[in-house]
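Asker: Protein chains in written order, with the working numbering: chain A, 1 to 233; chain B, 1 to 417.
Among these hints, one or two may not hold up.
Quick look at which bits of chain A chain B covers, simulated, 3 or more residues with Cβ under 8 Å [what the hints assert, rightly or not]:
hint: 1; stretch: 129-141
hint: 2; stretch: 150-164
Pairwise CB distance ranges (calculated) [said to hold, decoys possible]:
hint: 3; chain 1: B; residue 1: R410; chain 2: A; residue 2: V153; range: 40 to 46 Å
hint: 4; chain 1: A; residue 1: V159; chain 2: B; residue 2: R260; range: 37 to 43 Å
hint: 5; chain 1: B; residue 1: G199; chain 2: A; residue 2: G180; range: 52 to 58 Å
hint: 6; chain 1: B; residue 1: E296; chain 2: A; residue 2: L184; range: 41 to 47 Å
hint: 7; chain 1: B; residue 1: T381; chain 2: A; residue 2: L55; range: 51 to 57 Å
hint: 8; chain 1: B; residue 1: T281; chain 2: A; residue 2: L55; range: 55 to 61 Å
hint: 9; chain 1: A; residue 1: M149; chain 2: B; residue 2: F222; range: 40 to 46 Å
hint: 10; chain 1: A; residue 1: G189; chain 2: B; residue 2: G199; range: 48 to 54 Å
hint: 11; chain 1: A; residue 1: V129; chain 2: B; residue 2: H82; range: 31 to 37 Å
hint: 12; chain 1: B; residue 1: L195; chain 2: A; residue 2: L121; range: 53 to 59 Å
hint: 13; chain 1: A; residue 1: L55; chain 2: B; residue 2: R260; range: 23 to 29 Å
hint: 14; chain 1: B; residue 1: A310; chain 2: A; residue 2: M149; range: 19 to 25 Å
For the record, the hints were derived by calculation from the structure and aren't laboratory data.
The model shown is predicted, which means the values in this text are computed figures rather than measured ones.
Yeah, the Cβ is synthetic: ideal placement off N, Cα and C, and Gly gets one too.
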Amino acid sequence: MWDQVHVIFNRAAGRIVENIANFLPGVVVLLALLVLALVTAVIVRVVLYRLLRGLDFDRWAARSGMAMLIDWSPNRSPALLVARAVQWMILALGLLAGLSALDAAMPSYFAMTVFRYIPNLLAAVIILVLGDLLARFLARSVLISAVNMQIQVARVLSVGVKWLVLIMAGTMALEQVGLGRQILLLAFGILFGGIVLAMALAVGLGSKDAVSRTLDRQLRGTADHRTDDIDHV
Amino acid sequence: MPDADRAAAVAPIVVGIGTYNNAGTIAAIARAVRDGLCRDFSVRDSRIVLADGGSTDGTPDLVREALGDAAGRLVQVGYPLHPVDLFDAPYHGLPGRGRALAAILGAARELGAQVCTVLDANAEGLAPGWLAALIRPVLDDAFDFVAPYYARAPHEGALTRSIVYPVFRALYGVRIRQPMAGDFSCSGRLVEHFLGQEGWQDGARAVGVDIWTTTAAVCGGFRLCEVALGARRHETRGDAPDLSMTIVQVVGALFAGAERRAEFWQRVRGSSAVPVFGQPTEAGDGSPIEIGRLIEAFRLGHRELRDVWAAVLPPATGVALNRLAQADRPSFAMDDDLWARIIYDFAIGHRLRVLPADHLLRALTPLYLGWLAAFLEQAGTAGAAAVEERIERLSLAFERQKPYLISRWRWPERFNA
Numbered sequence: 001m002w003d004q005v006h007v008i009f010n011r012a013a014g015r016i017v018e019n020i021a022n023f024l025p026g027v028v029v030l031l032a033l034l035v036l037a038l039v040t041a042v043i044v045r046v047v048l049y050r051l052l053r054g055l056d057f058d059r060w061a062a063r064s065g066m067a068m069l070i071d072w073s074p075n076r077s078p079a080l081l082v083a084r085a086v087q088w089m090i091l092a093l094g095l096l097a098g099l100s101a102l103d104a105a106m107p108s109y110f111a112m113t114v115f116r117y118i119p120n121l122l123a124a125v126i127i128l129v130l131g132d133l134l135a136r137f138l139a140r141s142v143l144i145s146a147v148n149m150q151i152q153v154a155r156v157l158s159v160g161v162k163w164l165v166l167i168m169a170g171t172m173a174l175e176q177v178g179l180g181r182q183i184l185l186l187a188f189g190i191l192f193g194g195i196v197l198a199m200a201l202a203v204g205l206g207s208k209d210a211v212s213r214t215l216d217r218q219l220r221g222t223a224d225h226r227t228d229d230i231d232h233v
Numbered sequence: 001m002p003d004a005d006r007a008a009a010v011a012p013i014v015v016g017i018g019t020y021n022n023a024g025t026i027a028a029i030a031r032a033v034r035d036g037l038c039r040d041f042s043v044r045d046s047r048i049v050l051a052d053g054g055s056t057d058g059t060p061d062l063v064r065e066a067l068g069d070a071a072g073r074l075v076q077v078g079y080p081l082h083p084v085d086l087f088d089a090p091y092h093g094l095p096g097r098g099r100a101l102a103a104i105l106g107a108a109r110e111l112g113a114q115v116c117t118v119l120d121a122n123a124e125g126l127a128p129g130w131l132a133a134l135i136r137p138v139l140d141d142a143f144d145f146v147a148p149y150y151a152r153a154p155h156e157g158a159l160t161r162s163i164v165y166p167v168f169r170a171l172y173g174v175r176i177r178q179p180m181a182g183d184f185s186c187s188g189r190l191v192e193h194f195l196g197q198e199g200w201q202d203g204a205r206a207v208g209v210d211i212w213t214t215t216a217a218v219c220g221g222f223r224l225c226e227v228a229l230g231a232r233r234h235e236t237r238g239d240a241p242d243l244s245m246t247i248v249q250v251v252g253a254l255f256a257g258a259e260r261r262a263e264f265w266q267r268v269r270g271s272s273a274v275p276v277f278g279q280p281t282e283a284g285d286g287s288p289i290e291i292g293r294l295i296e297a298f299r300l301g302h303r304e305l306r307d308v309w310a311a312v313l314p315p316a317t318g319v320a321l322n323r324l325a326q327a328d329r330p331s332f333a334m335d336d337d338l339w340a341r342i343i344y345d346f347a348i349g350h351r352l353r354v355l356p357a358d359h360l361l362r363a364l365t366p367l368y369l370g371w372l373a374a375f376l377e378q379a380g381t382a383g384a385a386a387v388e389e390r391i392e393r394l395s396l397a398f399e400r401q402k403p404y405l406i407s408r409w410r411w412p413e414r415f416n417a
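Here chain B stands alone, though its shape is the one from the complex:
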């Protein structure tokens, strides 16, 4: 960090943004941050930390330009990008995100921040009010971790709704609807806690660093809450990974975290809600999805990948999937307990290295599309309340099936029997 900033290193509020070639969105984000800080806080008491991985499209210059008079509050830090970071495009769009986050948190600690808010550089339509909503619970109500609660159309965030949220809730006992969000706030003491952990900035873990931070906050006994932020939009990048790669990264990070925290979650029973600030809003229905194509994708997967699925799924599940593959569209419905057991079996298969992780998680894609088809068939045109109720039933099924996971986790010889 530059000496000038170190000399004035008292900034209760730090807003951090990790960037790598985000010229399309960063100017709007920087303006929203500047406006949010001016409107609700004192710019003098805040710093904007830009962790850039070596952008070649002028991203840092665009930030300075957009901040205008507030550019003096900008602290620019770099983070190293390794060739392997650029090999597979990450689902969140920021290569080396673990190291970027480490740089932001390190700068926040040096600045003595009471609250550090991290924003996703790919977000579009970031309202200035978001910043205050993310910061206030930490400053005013002494929460340590603030997660966003987005308003989403029924088909958006389906991977989070079908797998990440129910599994996170069942394992760790906390109902955080977006445990892998790129936007969050954390207190100074949680920053210290993150920086005190080892090995999360690099390697395969760094792709799923967002779930790591939420999990570390839960397992560390910190106070968590959610804040309603309205609809979420992201820039569609040309280098975004396809669905199967997204599943490999997202679900792989979730399963890897479960392996590391097995001692913790095996003692957790049930789940509890966290305080929600603000009023959750409804998102629109979004563009229509062709459910028939999702069902066909599931049927193709069932026809060709049965042998691969048989490596992790017990025969009873195979029979249930046979029945589902033969069901016609009106009766195409995946039972919640069946889906929970499928995900848990894949988690155990991931742990036991039954197949290479890449193959195992890619093979989950047709099953996920089948679940999505069944979900949209039932809840696609219903309102937000009906969707929320549907997800609640699914999450309870995951909690109900947790003993199934624990018994297979502890006694692997029973796996696939």
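Extracted from the complex, chain A is given alone in its bound form:
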């Protein structure tokens, strides 16, 4: 009997050793890939940071109105934020590559799923960044135009336009990553429709006297001798 137990233990131990032996190369590859990714990430971070500093990226970001980028940046340096983001991206890719090297079903499946998800994530980030830029550009454009038209609520219009564009960009980004798609679209539709309806009611009912006075003033024209009627050149 003890011989049988001995044989069973030997077989089990052999299988365990065999499994470990099959698994170990994958682990070694995983560790090697992680180390390589770490070294690469650090080198790329340093080089990229110096390159962006040399190109005066921080000042360009400030002038381009990328306030979101500045607010989230460590030491208020967008160059450092971009460099660190690239560093962590390389580390994440290295980890995923290492996981896919393991001859195990679940880690490989997880890695492939994440790899397939990356383009959507990148698209969402791009949508958010472009949306922020567009929101600030349009807000400033509306503000300046409204002030030049001597509209007293210029700031309100500008903020409204900015948040409208930001909400649209946020909705598109979340839709891109597939989070709460149905609820998001419904909520956005209700919100947007509600805003438009409220504005229509406000103009139609609540502000009709003000609109009438404004239109009357603009149509009267010559009696007020608007600045636009003067030959300024």
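Fit chain B to the supplied structure of chain A, relying on the hints for placement.
Answerer: Chain B alone, transformed into the frame defined by chain A:
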């Protein structure tokens, strides 16, 4: 150019008019040109060049009809209009003006003109004597460029008086009161010089082609003079741009020209007057302007656009503007040196692309209205001599602040500090 004209291509005097749907004014202008040529010159020695961009209101036919017997002297040339020319109405009212001017100058060169006079098709009340006044300095006194000197009411031409003239004078050292006029004369050799330059007929430069021609004449070392032409009136067109768009086009052209000619104007010190032919006259006071509304427009701009202004104006200027916004009407006065520094800071901001050019220049509108309010408050009811003296003080301030501009231009890292 038609072969018949090319065969008789010797015309010492060429009068050029660029048109695009100018049926309201062109007949009177054509008659004034015909009468002016008949009265003071020989019609035989002159040609009238009409550069039309494809008018749909019968403008060329009206010109022929108005010229009558002199229609044989008419040379009609076309110039291409691109869709982008019609997108934003130009302040001078002629879409594709750069190409129209190129067509006129090209025809003048082919005709062997000694003098080419360009007239604005939107002008009203063009007296025949204007033509002789613009032509004689070139024919008789060998000047190369003749600019008009209009008699204007205190509130007219305020953009020219407050920004264009002082900046042009400070940068290029020449006192031309109307450097962006649509009416001017140039000699044959200056025509050759213009046509030898590249890139001015098209694109964004073409809107401000008038300042380009004056600047090219100054920087090319040509002889300039002014001629007093009396009051200037223009047809009020329904498609005329609003004030902020006018500022974008006019001041944008001025700043763009400064960027291209930086090497020239940084060496210029002071300014010198040019000869003036004729006796400048006084214009009337014009219609009253509500100064209170101008001040309110400035205060609204100060309240809402401070953040935008802070992108180009240093903190010290911001403090001065704060004080001005809180001043009551009797003490509402903008210091000349402050105004000069504001304009120079906007010029540098335009060069450094701190903001999109459209946003930057539109944001200048409330500041300009504030200056206009302060100017009219001080000089609105004074005579022409007092207004002239006021503008002279302002221009000297721009010349005084030129080192401020040069230092910030050369060392942009000091900008906005």
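Asker: Which of the listed hints are broken here?
Answerer: none
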